[in-house]
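Chemist: So you can see what is in the structure, the chains are spelled out below.
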Amino acid sequence: MMAQILELKEVSKRLGNKDVVRDVNLSVSSSEIFGFLGPNGAGKTTTIRMIVGLIKPTSGQINICGYSIKKDFKKAMSNVGCIIESPDMYKYFTGMENLQHFAAMDKRITKERIDEVVEMVGLSHRINDKVSTYSLGMRQRLGIAQAIMGRPKLLILDEPTNGLDPAGIAEFRHLIRRLAYEEGMGVFISSHILSELQLICDTVAIVSKGRVVKSVKVKEIVEDMIVEWFLDKPERAIEILKERWNIDGEQSRKNSVKACIGTVRVEDINRTFFNEGLVISYCESHGNSLEELFLKLTEGDEIV
Amino acid sequence: MKLYNLVKNEVFKMIGKKRLYITLGIAFVIIVAFAYGQYHSLDRTKENLSKRIGIEATSDWRQVLQQQLIDIKRRMDSPYMDDDRRANLRVRAEQMQFYLDEDINPLEVSAVTFSTKFIEQSLLFLLPLLMIILSADIVSGELSGGTIKLLLVRGVSRWKILLSKYITIILLEALVMFFVLIFSIGVSGIFFGYGGWTTPVVTGFKVVAGKLVTSDIVNVPGWKYLMMTYGLAYFVAVVVGSVSFMISTLVRSTAASIGIVLSTLIGGTLLTNFLEDWKLPRYFFTANLRLTDYISGSLNPIEGMDMTFSLTVLSVWIIISIFVSFAYFTRRDILV
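Read top to bottom, the protein sequences are chains E and A. With the first sequence counted from 1, adding 67 to any position gets you this note's numbering. With the second sequence counted from 1, adding 18 to any position gets you this note's numbering.
Please keep in mind that the hints were generated in silico from the structure rather than gathered at the bench. Fair warning: there could be bad hints in the mix.
To be verified - Chain A regions said to be covered by chain E (calculated; three or more residues, Cβ under 8 angstroms):
(1) 26-33
(2) 155-167
(3) 173-185
(4) 347-353
Said to hold, decoys possible - Here are the simulated DSS-like cross-link-like pairs (lysine-lysine), alpha carbons at most 27 angstroms apart as the crow flies:
(5) E:Lys220 to A:Lys178
(6) E:Lys174 to A:Lys178
(7) A:Lys35 to E:Lys197
(8) E:Lys142 to E:Lys76
(9) A:Lys26 to E:Lys158
(10) E:Lys363 to E:Lys284
(11) E:Lys141 to A:Lys178
(12) E:Lys276 to E:Lys137
(13) E:Lys137 to E:Lys76
(14) E:Lys174 to A:Lys35
(15) E:Lys174 to E:Lys137
(16) A:Lys178 to E:Lys178
(17) E:Lys138 to A:Lys20
(18) E:Lys321 to E:Lys300
(19) E:Lys197 to A:Lys36
(20) E:Lys286 to E:Lys76
(21) E:Lys142 to A:Lys20
(22) A:Lys26 to E:Lys197
(23) A:Lys36 to E:Lys158
(24) E:Lys123 to E:Lys197
(25) E:Lys284 to E:Lys300
(26) E:Lys174 to A:Lys26
(27) E:Lys76 to E:Lys138
(28) A:Lys91 to A:Lys135
(29) A:Lys20 to E:Lys137
(30) A:Lys26 to A:Lys178
Each residue gets a CB set at the ideal place from its N, CA and C atoms; glycine is no exception.
Based on the sequences and whatever the hints tell you, model everything.
Modeler: Okay, here's the thing in structure tokens:
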């Protein structure tokens, strides 16, 4: 049993007369990379702000390493490193001065540790330049450096790959995996891009209109295929799917059936259809249900 | 230990964003201009005096003073003079008479008298302005820059971070006051010489019903009087700093913060015109900033307002500002 690093219980936030976040439950354990996926305005950043105590939940409980953010703020927060929205740093300071500024607030951080994280995020050659001269990608790196400096048990990254180039993103993924699997950090990443989270996360939760609508293990998504058959007797095909594998198919067009087949192999289904005398003109796969769900949410979503 | 680190951080930020240098720079420029102006007007006064009464400069200050006394008395006899102005002139006349009797030259200008005068004159606008420039963005700057998000998620409680910012303002205000003193002595000394440290200054004037009461009057050496003035000025600085600290905590943008404090200052000063007839404005902090008037005796006295009253009102303003800042800042949602 892995330790629960972050736990949200029935967390809600009302701003004005809008429920920005409603009854969110989730947990992140050590060495887990948790993705928080949602379209813009779904309540991701509000949730993150509540986790780090920048805003107070209207109701519900948030615990970090077992400490309530409300009652034990200092103990809870000394286990957290984070970037929220954009990596805003003091522009009139150099990168190094920024890190020293934040390091002074945590006595566990030594000078050697600062040099080490600068090396880790690949900023060594520019660390003594003023932040006002940095590109967004470099500020993002500096943001990550300040977040991991204190060896937190929970690392919270809000849209961390904004502004990073492809090489930077690959490097970033590598770094995050290393932090999670070698140093045992629980990592909480938010993003509005599914493909980005799929590549790195163990678990992904989808938020829409302030609610967590689905939470899945990425391993399962990969097997979670949607297949569409174009055949002559769709009604019969739906019956067979239900009888043999308990799969709910639906007629998507006049001559086609769509179904999420989970771990069942397409070859087996095709063979059965054939044996039952159905004529299949062709069949295609539509990626996975998560992507479909997410697209549906993003397309038809008015912003809360 | 940790609070010390936090304060150190804040001081570095003040230096980093050049706030401290800007404040000191403005103070320096104004002091130079003021000293130069004073030097010229002194020249002109000497010229005028020698033309009018045929004496050479301030060498015989008694004669000058007596001439001024005659002037004042003549003006007091004018039928167009209203009672308030007349009472005011009478107080001045009595003051001059006192200087003559005690053999104190009030016209002598030195580095010490200049520095005293300068800070007395700046109490109402210049000094508050400097303090506003210094402190108006200490919290709002973190909000508009977004850095507050990184500052408040560190395992340090909010009140401690706010406290470190308040302490920083109090410390830097003392530093600015110190430099203002050094600048004004340094610069004015070039024009008027570095003397005046032991010249007696008369203080303890009291006005009761338009009459000067001299029973409590004491002579203090110039340096001591200078220190008293700067002490009071520092208190004024702390008051203005606290109020602008509060505004800085309440609003999000630095421009709004500076704007609000400035208009409060100017608007509040305008309100003091009604002090005679309307009781309410005297509880406003701007009506009580001219603390040094109580010791120099140059106040247009208002019934019921004295040093104790003003110090009490200002202290209450400090306490309210601190209370409001902390109560709001420790509860608010950070949405930037």
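Chemist: Now tell me if each hint is right for this structure.
Modeler: Consistency of the hints with the structure:
1. 26-33: Coverage by chain E holds for the stretch 26-33 of chain A (4 residues, Cβ < 8 angstroms).
2. 155-167: holds (count 4)
3. 173-185: holds (count 3)
4. 347-353: holds (count 4)
5. E:Lys220 to A:Lys178: Holds: Lys220 of chain E and Lys178 of chain A sit about 24 angstroms apart, inside 27 angstroms.
6. E:Lys174 to A:Lys178: Holds, at roughly 16 angstroms.
7. A:Lys35 to E:Lys197: holds, 12 angstroms
8. E:Lys142 to E:Lys76: holds, 19 angstroms
9. A:Lys26 to E:Lys158: holds, 18 angstroms
10. E:Lys363 to E:Lys284: holds, 20 angstroms
11. E:Lys141 to A:Lys178: Holds - the C-alpha atoms of Lys178 of chain A and Lys141 of chain E are around 11 angstroms apart, at most 27 angstroms.
12. E:Lys276 to E:Lys137: holds, 25 angstroms
13. E:Lys137 to E:Lys76: holds, 13 angstroms
14. E:Lys174 to A:Lys35: holds, 25 angstroms
15. E:Lys174 to E:Lys137: holds, 23 angstroms
16. A:Lys178 to E:Lys178: Answer holds: Lys178 of chain A to Lys178 of chain E is near 24 angstroms, not above 27 angstroms.
17. E:Lys138 to A:Lys20: holds, 21 angstroms
18. E:Lys321 to E:Lys300: holds, 10 angstroms
19. E:Lys197 to A:Lys36: holds, 14 angstroms
20. E:Lys286 to E:Lys76: holds, 25 angstroms
21. E:Lys142 to A:Lys20: The given pair, whose Cα atoms are some 15 angstroms apart, holds under the 27 angstroms limit.
22. A:Lys26 to E:Lys197: holds, 20 angstroms
23. A:Lys36 to E:Lys158: Judged against 27 angstroms, a Cα distance of about 12 angstroms means the pair holds.
24. E:Lys123 to E:Lys197: violated, 34 angstroms
25. E:Lys284 to E:Lys300: Violated, at roughly 35 angstroms.
26. E:Lys174 to A:Lys26: holds, 14 angstroms
27. E:Lys76 to E:Lys138: holds, 15 angstroms
28. A:Lys91 to A:Lys135: Since the Cα atoms of Lys91 of chain A and Lys135 of chain A sit roughly 25 angstroms apart, the hinted pair holds (cutoff 27 angstroms).
29. A:Lys20 to E:Lys137: holds, 22 angstroms
30. A:Lys26 to A:Lys178: Holds, because 13 angstroms separates the two Cα atoms, which is no more than 27 angstroms.
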